[in-house]
Each structure stands twice: as C-alpha cells, then as structure tokens.
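Q: The whole structure should be built from the sequences, with the hints applied where relevant.
Under the numbering used here, the first residue of the first sequence carries the number 8, and numbering increases by one thereafter.
For the record, the hints were derived by calculation from the structure and aren't laboratory data.
Mixed in with the good hints there might be a few duds.
Lysine-lysine pairs mimicking BS3-like chemistry, simulated, CA-CA at most 25 Å apart [to be verified]:
1) Lys-358 <-> Lys-37
2) Lys-266 <-> Lys-206
3) Lys-62 <-> Lys-15
4) Lys-121 <-> Lys-360
5) Lys-475 <-> Lys-108
6) Lys-94 <-> Lys-80
Note that the coordinates shown come from a computational prediction; the quantities given were computed from them, not determined experimentally.
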Amino acid sequence: MRQYLQEKVETALRSLNLPDRPKPTFERPKQAEHGDLTTNVAMVLARSVKRNPTKLASDIVSRLELESDLVEKVEIAGPGFINFWFKDKFYLQQLREILEKGSRYGRSEAGGNKKTQVEFVSANPTGPLTVGHGRNAVLGDTIANLLEWTGHDVTREYYYNNAGRQMRVLGDSVRLRYLELLDEPVAFPEDYYQGEYIKDIARHLLASHGTVLRKEPPEGIFKERAEEEIFNDIKKILKRLGTKFDVFYNERSLYETGKVQEVVDELRRLGYAYDHEGAVWFRATSFQGEKDKVIVKSSGEPTYRLPDIAYHREKFRRGFELIVDILGADHIATYPDVIAGLKALGFDTEKVKVLIHQFVTLVRNGEVVKMSTRKANFVTLAELIDEVGPDVVRYFFLMRSHMSHLNFDLGLAKEQSEQNPVYYLQYAHARIASILKYAEIEGVSTRAVSGPRLELLTEAEAIAMVKKLAEFPDTVESCSFSFEPHRLTEYLHDVAGLFHKFYHVHRVVTDNKPLTCARLALCQATKTVLANGFAILGISAPETM
RNA sequence: GCGCCCGUAGCUCAAUUGGACAGAGCGCUGGCCUCCGGAGCCAGAGGCUAAGGGUUCAAAUCCCUUCGGGCGUACCA
Numbered sequence: 008m009r010q011y012l013q014e015k016v017e018t019a020l021r022s023l024n025l026p027d028r029p030k031p032t033f034e035r036p037k038q039a040e041h042g043d044l045t046t047n048v049a050m051v052l053a054r055s056v057k058r059n060p061t062k063l064a065s066d067i068v069s070r071l072e073l074e075s076d077l078v079e080k081v082e083i084a085g086p087g088f089i090n091f092w093f094k095d096k097f098y099l100q101q102l103r104e105i106l107e108k109g110s111r112y113g114r115s116e117a118g119g120n121k122k123t124q125v126e127f128v129s130a131n132p133t134g135p136l137t138v139g140h141g142r143n144a145v146l147g148d149t150i151a152n153l154l155e156w157t158g159h160d161v162t163r164e165y166y167y168n169n170a171g172r173q174m175r176v177l178g179d180s181v182r183l184r185y186l187e188l189l190d191e192p193v194a195f196p197e198d199y200y201q202g203e204y205i206k207d208i209a210r211h212l213l214a215s216h217g218t219v220l221r222k223e224p225p226e227g228i229f230k231e232r233a234e235e236e237i238f239n240d241i242k243k244i245l246k247r248l249g250t251k252f253d254v255f256y257n258e259r260s261l262y263e264t265g266k267v268q269e270v271v272d273e274l275r276r277l278g279y280a281y282d283h284e285g286a287v288w289f290r291a292t293s294f295q296g297e298k299d300k301v302i303v304k305s306s307g308e309p310t311y312r313l314p315d316i317a318y319h320r321e322k323f324r325r326g327f328e329l330i331v332d333i334l335g336a337d338h339i340a341t342y343p344d345v346i347a348g349l350k351a352l353g354f355d356t357e358k359v360k361v362l363i364h365q366f367v368t369l370v371r372n373g374e375v376v377k378m379s380t381r382k383a384n385f386v387t388l389a390e391l392i393d394e395v396g397p398d399v400v401r402y403f404f405l406m407r408s409h410m411s412h413l414n415f416d417l418g419l420a421k422e423q424s425e426q427n428p429v430y431y432l433q434y435a436h437a438r439i440a441s442i443l444k445y446a447e448i449e450g451v452s453t454r455a456v457s458g459p460r461l462e463l464l465t466e467a468e469a470i471a472m473v474k475k476l477a478e479f480p481d482t483v484e485s486c487s488f489s490f491e492p493h494r495l496t497e498y499l500h501d502v503a504g505l506f507h508k509f510y511h512v513h514r515v516v517t518d519n520k521p522l523t524c525a526r527l528a529l530c531q532a533t534k535t536v537l538a539n540g541f542a543i544l545g546i547s548a549p550e551t552m
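A: As structure tokens, then:
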C-alpha cells in the first residue's frame, strides 16, 4: 500500500518535471483524522523549487492517477501534507492475505539472502552469565530473528577465549577452594573469583577425585574442570532463554592458524604498525583515534585488540556481507580500534554494525545490586529466569531501546508478574484461542464452505484492527532495518489492545452465521499476527493461561 | 580533562528516525461481569520534553553552551 502510493507519486512528479531528490516519506499518521497514509513530498520539495508547499501539493494531487475503487479520498492538510484514505476493500484484501499466509505472514525477501553474521553474548567461561549478558543474549537473538524474517542468511555466533591470564586465575581460584576443603590454610586473594560457584566446582572435584589433586597445578585439571562446568552452565541458560547459536568461535584458533601474526605482519607492511619501547603499536591516529594503541606487549603477548581485529578480518574472509556485533557498554572503547584496524587492512567497515547496549541496573528491595562476575554477591541470569520465567525476562529486555539504561526491579517483576505487560499480549492470544474453540463446539467452523464474507466487517473497531494487522510486515521490516526490536513489542501491544476493545464491544459467536464467520476470520488473523510476532521476540504463544 | 550513551507524567519507558494535539504500563480517582476468558474494558487527574540559544515550513529528535546521571578512557578482557 505504501509502495502503491510511492509509485503513483513518482509518476506524478515526473509529469510535473519535479526533482525527486530529498526523499519524501510515506507514513501512517498518528491521528486517524489525518488519513490512512500521509506523505510530506510537497513540503520536502517546496524549498528546492522555491514554491508554496500547499500549492505544490495541489499540483501533485491533480496529477495523481488513483483507482477509485481502492482510494476513498485525498486531502491536503496543515502545512502541506497529502493525506490518503483507502477503501475498506483495500484492507479486506490484506486480511485475506494474512489468512492465506498464516505463519509465513510478515516474512519478506527484503534482505536479498544477504550473508549475515550476528555475534552476541561472547562471554568468556569465567563465571555464570549475569543479567547484563541476558540483555545481550535476548537482543542478539531477536535481531537475528528479525534479520531472518526479512530474508537474510543469518549465522549466530559466540566468540570466546579460554586461554590467558583470566583463565589462569580461574583455575587457581578453584585450586585454592579445593585446598580449603582439605582444611589446608590458604590465603584467598581478593582479586580472585569470589563466587560460590567456584566452591561448587571444587566440591565436585573432591567428590570425583578425592584428595589426590593436592599437588596439581592450577592450569591443569582445575582450569579444565572449571571451564567445562561453567561453559555447560552458560549453554544451558542460553537454551532456557531460547537463544540459539550456530558457531562457537574459539579465539585460540586464531593463534594456532597464524592469523593473529598475519595481521601484525600485514599492518607492518602497510605502515600502520611500528615498534616502540619493546612493544608493537597500531597507528590508530591515522584513523581518528586519540592515540596509537599497543597491539603486542613488550612481553610478546598480544593485547585484546589484536585478536579482535584478526577475528573480524575472518568475518570478512568468511564472506559475510553484513556483520552485526552486540556489545555491552563496557566495550564502548574497544570497538573503534577494531574498526580502525579493519579500515587499515582495507575492508569496507560500512558492513559492520556495532550495537552498544547500555547496562541493566538490577534493583532488589529498593537497593541497587552491583553485578560483577568476580564478586560473590551478584544475581545471575539463571536466578532471574527462575524468579520470573523466560518470557518475562525476554520481554522486559526487549521492551526498551537498547540505548537506554534499563532498570529491572526484581521484586516488582516477581510480585507483579500477574499484571506484567507480557501477559497482556499472551492473554489476547489465549483469549482468541478460547473463542475459536468455543465456536467449534457451537458448530461454527472457521473453515466455512464458501469462505468468510469479510465485507461484513464494517464496524469501526473491526476496521481499525484490520488496518493495524496490515502494518505487521512493514513493522517487521523497519525493526529489522533499524535493529530495534523494542518497536515490535509496542506494535504487538497495540494489536492486543485493539483486540481487547473489539472483544468488549462486539460478540464474536452469535446466531448470525455469516457475521460470526467473518469475525472468526478476524480473530484468526489477529492470532496469527500475535503468534508470528511472539515467534520473532522468542516468547511463547499460549493457547490457555 | 577527553570520548560514547542518557535526561520526557509521581515511577519505568515510548514517540513511525525531522512531521500535524508528546503516548503506554505501573501507581492514583471513579465506573463496567446473567453473556465467547475481568490476567480484560471505559472515564479522569498528571507535561513549559533538565535549562538556555541556534538551524527551518516543521525540533523531544539535528548543532552549540551549561547543569545532572551512567559507561569507558591500560603494555586487563
């Protein structure tokens, strides 16, 4: 429908010999009195051709060739908006399309099967996932869903490092807890991993191996067992949240295959790396960086940026045409170096989309709970899911723009879980399921012999619903294009709200069989849109609650 | 000090990416079940969009300044 008008306006502009340069928008107005669709084309062009926007609008309207059986009327309003009203017939066609496409309704090929990678979570196996990781996981998974729905060939990837100093400290933390269990006197350093989970792992080792590990080094079985248990736990939690991964990419492989060294050599060859005070530096200042950055320490160990650059180089070499990185706000300083490194290596960094989400502040009993993997006192993602369930967790994380700080009041989420916004949506779905079942019992099938007569849907509430339902494909596409899932939650909230209103004003199942069939069709279409939306958000679509 | 994000109803957040009268949820006030699910519906109160200036037909949105909050600013990841 948007496309339909866009084409009509373009031909009108051509016949008037007007430029199409500042791209006009075609939008659904907030106010119903402003029509079903509006365009600012006259106002956008008025400046460049130095003409009155209202007069320009009427010129454009006079050249529009619109089918009178689809378009109700056209008006020029305000400073020069052109507003369009469509006939109900137009919308009823859309309704028929929803019923035909079912669970496929809303999918598109807009992405052109573009090879796309979404990298998210990417937490190292040093401790349980935090609530912050949860936001990252849900955001990444949902964006991946959106990209799939809009015709992208998506790979979901988790990048991790199980080597290095952090992992050594982890192994040693387990070792010391193990020795504690043997009643040996140990001084547990403050900067070691304090969490209870370390003691659990030590206990497990004691149970499986007895006391013979007394003299084992930290990098051996202690580290290995810790990594294994923690990673299993991470994967289990991610599964509970409904997130899926295609690839777990180990940073170590970048060293083993020499790709890290290749990057250093390449940067040197290009003149973007140099030696200074025993370290190797990257010339970040050539790419708007504040200062040059160390990529190999004087000890010979690389800093984190070097493997990150090598990893992203591999993303390009693996043929990804769109690369999406989901990062927490604490990584805000790292990605510009990676981007600069990729530029230095000659890659098109326009293909890399970095989404930085802000922190989750967890509040319990009115007090802010600080979340740090090393501290003992933190709420894990697993505990959060235990308390409120995966649907609520996902929905809460998706309700807000990723750029804004998120306050998650645990007590509130649990206490008010009965009036949680996610239930409002799911309730609408369950209610429709119940109505459809009732209709079946009453002997009115949705699969009527000659199909429902949709033109019987004339009430304002019904038409409003159909219009909203018809927006679904556009909404999915714009959420995908802008990487903003939160707008889908808002849309679905509107759908549920309109349905609840409709339900209160109009009875679906009555003695009037044709009307009942038409209304059941509308219910079915609403259920479809809700269920498809839930599928993208990764929340369940309950038949009963 | 510098960089990024944020500041919108009492609280938590939206606002179709620059569009017409800034909207939801929670909380508050008052209504609605003989009837397909009341986890619902309807009505009301609540705002100089932190402050000031600028850009234009149009600014919560873009630019500048100030104030306030968060995250960074390593030869840690």
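Q: Could you run down the list of hints and mark each one as holding or not?
A: So, going through the hints one by one against the coordinates:
no.	hint	result
1	Lys-358 <-> Lys-37	violated, 34 Å
2	Lys-266 <-> Lys-206	violated, 37 Å
3	Lys-62 <-> Lys-15	holds, 19 Å
4	Lys-121 <-> Lys-360	holds, 14 Å
5	Lys-475 <-> Lys-108	holds, 17 Å
6	Lys-94 <-> Lys-80	holds, 9 Å
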